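Chemist: Sequence:
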Amino acid sequence: MAADAVVASELKSLQEELSAARKDRSAAPSAPPSAAEPAKESAEEREIRDQLQELAREVTSYFEQAEKTIAAHPAESVVSALLVGILIGGLLGRR
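Position in the sequence shown counted from 1, then plus 31, gives you my numbering.
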């Protein structure tokens with residue numbers, strides 16, 4: 032589905048930004064870090080990476096479940112989307 036492609040491209044973009052930030056940090060001259068800082072940074076990086084992976088799994092799971100639900104009930108999905116559109120249009124039209 033198109034949403035999966037969007038999520039995949041966003042995740043790839045985030046991974047590229049993370050690797051670019053690592054390169055920038057390693058290339059930038061700085062004061063020598065204390066012995067505790069490198070361990071802290073790598074733990075933070077691992078935590079961020081783990082959180083991004085968990086987010087990717089949850090989003091993928093959500094989209095897969097949505098696809099299954101829509102495939103099982105296509106008419107209800109279209110009617111629901113239409114009603115939500117009408118509701119949002121009515122709320123925005125009152126401003």
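It is possible that part of the hints are untrue.
[As the list claims (entries may be wrong)] Here are the computed distance ranges between Cβ atoms for each label pair: (1) Ala97 with Ala51: 44 to 52 Å; (2) Ala58 with Ala102: 46 to 54 Å; (3) Glu85 with Ser57: 38 to 46 Å; (4) Arg88 with Lys54: 21 to 29 Å; (5) Val37 with Thr100: 16 to 24 Å.
[Claimed, not checked] With a straight-line Cα cutoff of 20 Å, these simulated SDA-like cross-link-like pairs (lysine to any residue) come out: (6) Lys54 with Ile79; (7) Lys43 with Ile101; (8) Lys99 with Arg88; (9) Lys54 with Val38; (10) Lys54 with Leu42; (11) Lys99 with Leu83; (12) Lys54 with Ala74; (13) Lys54 with Arg77; (14) Lys43 with Gln84; (15) Lys54 with Ser73; (16) Lys99 with Val38; (17) Lys43 with Pro105; (18) Lys43 with Arg80; (19) Lys99 with Ile79; (20) Lys43 with Ala112; (21) Lys54 with Glu75; (22) Lys99 with Lys43; (23) Lys43 with Ser92; (24) Lys43 with Ala87.
Simulated from the structure, these hints should not be mistaken for laboratory data.
Quick caveat: nothing in here was measured; it's all calculated off a predicted structure.
Backbone N, C-alpha and C define an ideal beta-carbon position, used for all residues, glycine too.
Chemist: Work down the list of hints and note, for each, if the structure agrees.
Modeler: Comparing the hints with the structure gives:
| no. | hint | verdict |
| --- | --- | --- |
| 1 | Ala97 with Ala51: 44 to 52 Å | violated (32 Å) |
| 2 | Ala58 with Ala102: 46 to 54 Å | holds (49 Å) |
| 3 | Glu85 with Ser57: 38 to 46 Å | violated (26 Å) |
| 4 | Arg88 with Lys54: 21 to 29 Å | holds (27 Å) |
| 5 | Val37 with Thr100: 16 to 24 Å | holds (19 Å) |
| 6 | Lys54 with Ile79 | holds (17 Å) |
| 7 | Lys43 with Ile101 | violated (27 Å) |
| 8 | Lys99 with Arg88 | holds (16 Å) |
| 9 | Lys54 with Val38 | violated (24 Å) |
| 10 | Lys54 with Leu42 | holds (19 Å) |
| 11 | Lys99 with Leu83 | violated (24 Å) |
| 12 | Lys54 with Ala74 | holds (17 Å) |
| 13 | Lys54 with Arg77 | holds (16 Å) |
| 14 | Lys43 with Gln84 | holds (11 Å) |
| 15 | Lys54 with Ser73 | holds (14 Å) |
| 16 | Lys99 with Val38 | holds (18 Å) |
| 17 | Lys43 with Pro105 | violated (31 Å) |
| 18 | Lys43 with Arg80 | holds (12 Å) |
| 19 | Lys99 with Ile79 | violated (30 Å) |
| 20 | Lys43 with Ala112 | violated (30 Å) |
| 21 | Lys54 with Glu75 | holds (16 Å) |
| 22 | Lys99 with Lys43 | violated (25 Å) |
| 23 | Lys43 with Ser92 | holds (18 Å) |
| 24 | Lys43 with Ala87 | holds (11 Å) |
Hints 1, 3, 7, 9, 11, 17, 19, 20, 22, counting from the list given before, are not met by this structure.
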